[in-house]
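J.: Sequence:
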Amino acid sequence: MTEGDCVVDGDCVSSPNYPEAYDGYTECTIVPESDGWLSVQSFELESYSWSDYCYDHLTVNDVQYCNEIGPEGVAVTPATEMTFVADYDQSGHAGFSICLSLAFTSTLPPPTGG
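Going by this note's numbering, the sequence shown opens with residue 218, and the numbers climb by one from there.
Heads up, a few of these hints could be off.
[To be verified] Per label pair, the in silico range of CB-to-CB distance:
(1) D279 x S259: 22 to 28 Å
(2) Y305 x E250: 16 to 22 Å
(3) D240 x E285: 15 to 21 Å
(4) D279 x M218: 30 to 36 Å
For the record, the hints were derived by calculation from the structure and aren't laboratory data.
The C-beta atom is built at its ideal place from N, Cα and C for all residues, glycine as well.
With the sequences and hints as input, model every part of the structure.
T.: See below:
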């Protein structure tokens, strides 16, 4: 389920206009329909090149993702709320495409409960 400007296509969600650049002043809220893991197909959001500050970001489980590092392999449930926010700058970043996988597909080890 999504509210706002993002686009859902089957088990995948993408930023508006993907694979073209998303517009400024864009936001959406994404809630997975089932348990699974996020599989990042593509990810490019605006950030400061010289700092860790994310102008535009996707937040999953209270962690902000931007630049070219997305939430690959992050476990989600229908209680997980993901939010995408783009600021006023329309600087030509491609955005993201992320799919929900029912099997863990990351090259990283699966997260452990803690």
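J.: Any hints from earlier that this structure breaks? Give me their numbers in increasing order, please.
T.: 2 and 4
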